[in-house]
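Trainee: Here are the chains, one letter per residue:
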Amino acid sequence: MNPPGSLEALDPNVDEHLSTQILAPSVHSDNSQERIQARRLRIAARLEARRREALGEYLDGKKESEEDQSKSYKQKEESRLKLAKLLLCGTELVTNIQVAIDIREIHRRVEEEEIKRQRIEKLENEVKTSQDKFDEITSKWEEGKQKRIPQELWEMLNTQQLHCAGLLEDKNKLISELQQELKTKDDQYVKDLKKQSDDICLLLERMEEQVKNVMKTFREELYNIEKAFEVERQELLASNKKKWEQALQAHNAKELEYLNNRMKKVEDYEKQLNRQRIWDCEEYNMIKIKLEQDVQVLKKRDEESTVIKSQQKRKINRLHDILNNLRSKYAKQIKQFQEENQSLTSDYKRLVMQFKELQKAMRHFALIDDEKFWEIWLMNEEEAKDLIARAFDVDRIIHTHHLGLPWAAPDFWFLNNVGPISQQPQKSATQIVEEMLMRSEEEEAEEAAAEPESYLDLPKQISEKTTKRILMLLCDESGFLIESKLLSLLLPLEQNECYLLRLDAIFSALGIESEDDLYKLVNFFLKYRAHRLSSSLQIKPCSQASMEKASMEETSTRSELELAEQTEMEGEKEESLVEGEKEEEEETPPSPWVIHPNDVLKILEAFVMGLKKPRDSRAPLRVQKNVRDNSKDSEYWQALTTVIPSSKQNLWDALYTALEKYHLVLTQRAKLLLENSSLEQQNTELQALLQQYLNSKINSELQVPPTQVLRVPTK
Amino acid sequence: MQDTVTTSALLDPSHSSVSTQDNSSTGGHTSSTSPQLSKPSITPVPAKSRNPHPRANIRRMRRIIAEDPEWSLAIVPLLTELCIQHIIRNFQKNPILKQMLPEHQQKVLNHLSPDLPLAVTANLIDSENYWLRCCMHRWPVCHVAHHGGSWKRMFFERHLENLLKHFIPGTTDPAVILDLLPLCRNYVRRVHVDQFLPPVQLPAQLRPGDQSDSGSEGEMEEPTVDHYQLGDLVAGLSHLEELDLVYDVKDCGMNFEWNLFLFTYRDCLSLAAAIKACHTLKIFKLTRSKVDDDKARIIIRSLLDHPVLEELDLSQNLIGDRGARGAAKLLSHSRLRVLNLANNQVRAPGAQSLAHALAHNTNLISLNLRLNCIEDEGGQALAHALQTNKCLTTLHLGGNELSEPTATLLSQVLAINTTLTSINLSCNHIGLDGGKQLLEGMSDNKTLLEFDLRLSDVAQESEYLIGQALYANREAARQRALNPSHFMSTITANGPENSVG
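Which chain is which? The protein sequence lines are A and B, in order.
Residue numbering for the first sequence follows the working numbering, starting at 1 and increasing by one per position.
Residue numbering for the second sequence follows the working numbering, starting at 1 and increasing by one per position.
If we strip away everything but chain A, and leave its shape as in the complex, we get (with noise of 0.2 Å):
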């Protein structure tokens, strides 16, 4: 607008900027932070001056800018201005058609407004008047009914008519006029409607030509740009070409160089490797000569050590074969001792056998030989006692009868004595399930052989099967009784040992010691059992009660037998006997099978709560000697031997030898009196034949009867 002013504003600016240029650090420069800084400025400007340009200055700005700015910046500029300014024109045109319909609608509106206006006045008016012509010929009605003449009556109702068809002209007229300027309303209406569509085409017409314009100096500008752009390239790859070639003319320079430097130096080298390599020639002379040398020696010592190879590998060899052949004596040696050990297996296990064997045998001898030794015992003390007996028979005769003494029989404590002295000494419990165990080893090996003989004190009733099947039910039962360490120690172990150890166990925690206790337990099971059967039949719940109390019964039953058996061994096994066939009539002896595993801990339960009160009275009794004590034997047949003290066998002989005088007499009497028998029976005789004589049938034949002749002596 304004070039002076503009120029004028030019100078110091360009000024300012030389002088800022000057200053300011350059962007080719060495140190980076002032390239940075330089950057940072030149930004700075940019922006500064496309603001100043921004906000209206760009009459000064443009020159301006033309040194710092770029075409294409321009250019851009140039078109954004070109193409808001079409926007906006277009935009106005388009418009354009809007505005006028717009006043044209309010000019319509303003004469639709005055015609109205007139048009109500117009019938305002007509109201007006046509109300006066009305009210006129309303008030001629009134005269008309005064009126008496016909003539006149007729003029007035004509004059009337004649108002009446004015009025109505009137109207007609009106509305008419009315219908006429609706005619042209209507007319007008589709007039408007045809600008409408056209000013609608007109309008749609710009739009497009708007739209086509626009697109096209869009694309135009679009064009320009980059035509600028595509300048602004040329130019900067121009320049940096340019600036390329000149960096390659001095690097070109600069390789030049180098390579004449270069060329020196490998001269130099050159000369420098000649020389170390006759040096190094000379060395390598001298190294391979003394090399050879080396390799002399080497090469014998590489053939002694050949040699040593081959011996070594000889000698390996030998030592192979000598390996194999221990091998294969190993072997043989194995098989050998395998054998062998195989043998003395079977040796072993026979001799086992036979052991067992003869430990069976040696068990049932000693058995035998208690028995014959308790029945050889028996006959002697039976003869002693007898010998005794009648030594004090014959004392007490001699006493009473020979002495006239009053005889009293002598009290000794081995008169009373029976058996063989030693206490009958109680098995232990396992010792029983031991010979139970084996027995019933026995009975398998031999199956059907005869029953064999029970020396076991068992109760009659209680079968020795019966007997093992309850310890084995017992033994699986009450597992939890016995330590896992023994469990796992006992399973490699035979099946009967396995459950001997168990057993073991177990009784050593049920406190089970003797036989005794054993049988009870057995016995104690067997209880439970036909309790449980008669009570199953009754009510269920005193079972248990019931039970208890069968259980204290017997507990007590029990404790009065030990009793008894401490005073006398030998009741024992009567008293046994007896219970057993107490039970016996009380009971069939029921298959142990019956019981039910699970009643197995309770019938435990209760049996050990029994057991308790007898065992602490009987606990001091214990100890028993299981070797028989023959050291009072001798002591006792000794005392049987002096059952006749001494003063009195001195009296026995004294009376001997007076009983042997005394006798001596009666022998000689005896003598006497058997002459005096003789010679009596001598006369008897005599006396009988003669009788014979006197009565012989020679007699009576006779003249003179003898008897008459003789006395006959009559008795």
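A hint or two may mislead.
[Unchecked claim] The calculated DSSO-like cross-link candidates involving lysine-lysine, where the alpha carbons are at most 27 Å apart (straight line), are: (1) Lys446(B) with Lys76(A); (2) Lys250(B) with Lys194(A); (3) Lys195(A) with Lys446(B); (4) Lys82(A) with Lys71(A); (5) Lys436(B) with Lys85(A); (6) Lys648(A) with Lys661(A); (7) Lys191(A) with Lys250(B); (8) Lys602(A) with Lys465(A); (9) Lys185(A) with Lys446(B); (10) Lys173(A) with Lys194(A); (11) Lys446(B) with Lys116(A).
No lab work stands behind these hints: they were computed from the structure.
Treat the numbers as computed from the prediction; the structure is a model and nothing was measured.
We have chain A; now place chain B onto it with these hints.
Mentor: Just chain B now, kept in the frame of chain A:
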């Protein structure tokens, strides 16, 4: 066929059970001379075919035949492929979509027919691609930008619009729309309906030939021309934001009757109740519907204290001063941001009441009073209000019979106000002096970007200068938008220089 079955059964007894169906499927191939060439790629199992000629069978079994370059055995499609095709075919009966892997879902969606019933697809398919196809299938021209960029939303909005446009009260079953409601309620945000059909009139049907005096007939009939009641629909749409209604009939042709275009009181009441109940509504437009003062007041009363309403457009109606007064009340009882009363019958008193409300309003940013008749009294009142208002940015007073006094006041406003960016005073009688005064006012203004003074009797020179000032303002605004940080400094730095220019 029966023969082949028996022979095959004789030849190949182990497969006799299979051979019947195989033969039936491959019979066509055996009859043709070169079946493998003409065979479509879909036929799935050629390799398994079993026919009485084993030699041909061997040829069939081969995957590559060197002497026949065109032969290639159709690869058996993957099981997943078959399943997907089956799903697509039976989608209507058994829609399976969400259970599948994403890539399979994509495949299914790409092949679903756009004709599937909405009851199946509406709440199941979210894929924009599918709805794009639906829209394209149904309408030739689609402006997805008018529907928030969502094809699904567009489909439902246009579908609903279509139903509403062709709804005839009393004839169409209301269930048609109410059934759609549960399907579209989550997607429809804008309802734009530019025609509401009146109920069909019985006498017109009885005497279809007698068209000439049907108007008189209609008047005699005591017409019940209530339109579709939007209440249920609006209540059902949970995301409705925009309601754009025109009570109008399009393409009536020679059946024109005045009572086709009635916006009845009952319509008005039901509409008012509906928009009152709709708390999500942001934009409400009711144009070209012959809304007079009373109806406008009914509607505006229902909008009082509405929580989110931002835009109200009642242009092209018959609203007078009372309606304008109602709108003024609404301005102070809502968060209205845009008010459009263009082409109504608002006069000076209405404008004065609007100005009174505007004076201390802090929400309204756009006011349009084009083609009313507020005259200088109303214009002056508005100008006074703008001296205190700090919110309004756009004001349209075109075609309002304004003249110099208003311009004088407005020039003062221009010097003070820093929020107005666009004023339209076209088609008024501003006059030469008024133009000069406005130019003076413009010289102090830095914010106004548009000032329309066309056909308002302003001198060309002042119009041009005003245009220059506007241009400078625009450039400044652009600069501000480019780098807002320098905004303050540039204003201060360039203040004096600009005055020189």
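Trainee: If a hint holds in the structure, say so; if it doesn't, say that too.
Mentor: For each hint, the structure was consulted:
Proximity of Lys446(B) to Lys76(A) is assessed by CA-CA distance (about 25 Å); at most 27 Å being required, the pair is judged to hold. The hinted pair formed by Lys250(B) and Lys194(A) meets the criterion: a straight-line CA distance of about 18 Å does not exceed 27 Å. For the proposed pair Lys195(A) and Lys446(B), the alpha carbon gap of about 41 Å is over 27 Å, so the pair is violated. A threshold of 27 Å between alpha carbons decides the hint, and for Lys82(A) with Lys71(A) the separation of about 16 Å falls inside it, so the pair holds.
At roughly 24 Å between alpha-carbon atoms, Lys436(B) and Lys85(A) fall within 27 Å of each other, so this suggested pair holds. For the suggested pair Lys648(A) and Lys661(A), the alpha carbons sit about 20 Å apart, so the restraint of at most 27 Å is met. For the suggested pair Lys191(A) and Lys250(B), the alpha carbons sit about 21 Å apart, so the restraint of at most 27 Å is met. For the hint linking Lys602(A) to Lys465(A), the alpha-carbon distance of about 23 Å falls within 27 Å, and the restraint holds.
Taking the CA atoms of Lys185(A) and Lys446(B), the gap is about 49 Å. The hint is violated against a cut of 27 Å. Distance restraint check for Lys173(A) and Lys194(A): the Cα-Cα separation of roughly 31 Å exceeds the 27 Å cut-off, and the hinted pair is therefore not satisfied. With a C-alpha separation of about 46 Å, the suggested pairing of Lys446(B) with Lys116(A) is violated against the 27 Å cut-off.
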